[in-house]
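Chains as they are written, first to last, in the working numbering: chain A, 173 to 524; chain B, 5 to 253.
In short, the hints are calculated from the structure, not lab data.
Being a predicted model, the structure only gives us computed values, none of them experimental.
Any given hint might turn out to be false.
[Said to hold, decoys possible] Pulled from the structure, derived: some chain A residues nowhere near chain B, Cβ distances all over 12 Å:
1) Ile232
2) Ala397
3) Glu513
4) Asp517
[As the list claims (entries may be wrong)] Straight-line C-alpha distance at most 27 Å; calculated DSS-like pairs for lysine-lysine:
5) A/Lys372 - B/Lys165
6) A/Lys298 - A/Lys437
7) A/Lys456 - A/Lys441
8) A/Lys298 - A/Lys387
9) A/Lys372 - B/Lys197
10) A/Lys438 - A/Lys298
11) B/Lys187 - B/Lys165
12) A/Lys370 - B/Lys187
13) A/Lys521 - A/Lys438
14) A/Lys395 - A/Lys377
15) A/Lys437 - A/Lys491
16) A/Lys328 - A/Lys175
17) B/Lys197 - A/Lys370
18) A/Lys377 - B/Lys197
By construction, the Cβ of each residue, glycine as well, lies at the ideal position given by its N, Cα and C atoms.
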Amino acid sequence: MAKVMMKGNEALAEAAVRAGCRLYCGYPITPQTEIMEYLSARLPEVGGHFIQSESEVAGISMILGGACTGYRVMTGSSGTGFSLKQEGISWMAADELPGVIVNVCRYGSGLGLISPGQDAYIQATKGGGHGSYHAIVYGPSTIQEMVDLTGLAFDKADEYRNPVIMLSDGALGQMMEPVEFPDFQEVHPNKDWTITGKGKGRGHKITTAIYTDPKYDQHVREKYARIAAEEQRWESLCTEDAAIVLVAYGTSGRVCRQAVQMARKKGMKLGLIRPVTLWPFPVKAFEQPVHTAKAFVTVEMSALGQMVEDVRLTVNGRKPVFLYSSGMAPPREAVILQMAEDILDGRMKEVL
Amino acid sequence: MTKMMKTSRLYSAPDAPTGICPGCGYGIIKHILANVMEELQIDDRAIGVLGIGCSGFVSRNFDIDWLQAQHGRAPASATGIKRLLPDKVVFTFQGDGDLAAIGTAEIIHAAARNEKMTVLFVNNGIYGMTGGQMAPTTLENQVTVTSPFGRDPNTAGMPIKITEMISVLPIAYAARGAIFNPKEIRITEGYVKKAFEKQLNGEGFSMVEILSPCPTNWHMTPVSSMERIENEVVSYYPLGEMVTGKEGV
């Protein structure tokens, strides 16, 4: 299929349709809204359903019900709306129901801003609702990657029977880039765990968390350990000989890729680890650089730094970890380069 | 009376305790549901979505497919199921603490969309499972553990009438029944049957509210609980059909 120019939110929506999504339920919130606008017209064309829910809570509850049928389902939101989704995400994890939840992240706590941010990292990766669970979290940095990961998100949701979060942001959602779509996937809703009416000859099924099973805790531990071991994805750029390794995802990852190229032209040994899965965090990407690099710099659009906590856990004191939290503005290449110089010259001390 | 006493094969699976207290209305209501399902022969394609609280116990010995929904969200989850599986018979089973408080938005909007599903709304005027707290449906001056001096309309308002509220919408069916004597049980069973028939005919949203006793938290005997419904509850929550759709009232 030829490349087309497309806005991030709409490209994600089209990718979801091609991955077999047949139910989207959502509530308008900037900068997510183009996803639902697109799907309100597109899903009926493929025999799917779009429901504009009365709230974010209802939206996630609708797809939870839809997930029970074995069809592929999705909802999306941003900021305060993504907070409201957490009840349902926790329930989907507990009930082992697949589904994709998109967060086109806006900046800030409370009402926040409608501009892009990366401060839903902790909420997305650590299990934003109650209980012990994780969603698999993807953090694309281009529209093409967003399309590719959306298809993967539905596959992994089914494979592990677990919610998957696409962590986009206001910049990626609103920008246009050339993108190539995959073909339509044939998806069959018939799975052995669905509830579709007991029919003739089989006993009834109840979809609920299996806390009555004494092996529940063990099951949860093994499930998430397996995902953590097998699902790490990342991009490494010039990390082999890098003195300073940047760690950044999504929009910040784009900026850092540019910063690495600028630094290399100046002869500065900068590298980049760009996590693609935010949970599981790609600890394998650090195996070599943690021995060869002098320091790590986390670059993210948050006020306090969120992913930096995972970087510190991964580096585990073996090398200093610095933070460039650009807050509500995108990070700037010049600042990154200056920071790298200051660290190499010993002018910048690690602050924990 | 003979029909009422019949033990349905749907509601007979003795693989778990019912979970309900002596004198609870759920036993009768589950029989009503089972009788209707058998009569309409819909159990093989029925999917029930449960509210939280004592209503969650219903799945234990009721031989159909179930989803345990989050608190109050059953109408939303049922919506998702019904849209994807329009040929199945989808219904929710919810209490008043679930449906009339935390789930107010979900029930109103499921009705507003006229989702082709059925809601069984068991109203006992109290939060049963959590130990008898005041519900939005608790009557004026009724003493509960969170209204120790009686429900004060000045601060707690008057009991909410969800079935009347959704009856202003162009839905397919709405009725309120009770189970305090055999006659009312038979009438209520008729309402439940009609509600499911509305769904089977694709007419839209149908709901039956059932006034039910909670002797444990009312601190009354089962018999006096039934008398209380007849003598006190019905005067605030009148029985009968409110919306009958195409047939007209």
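>> Of all the hints numbered above, which does this structure not satisfy? Sort the numbers upward.
In response: Hints 1, 5, 6, 10, 12 not satisfied by this model.
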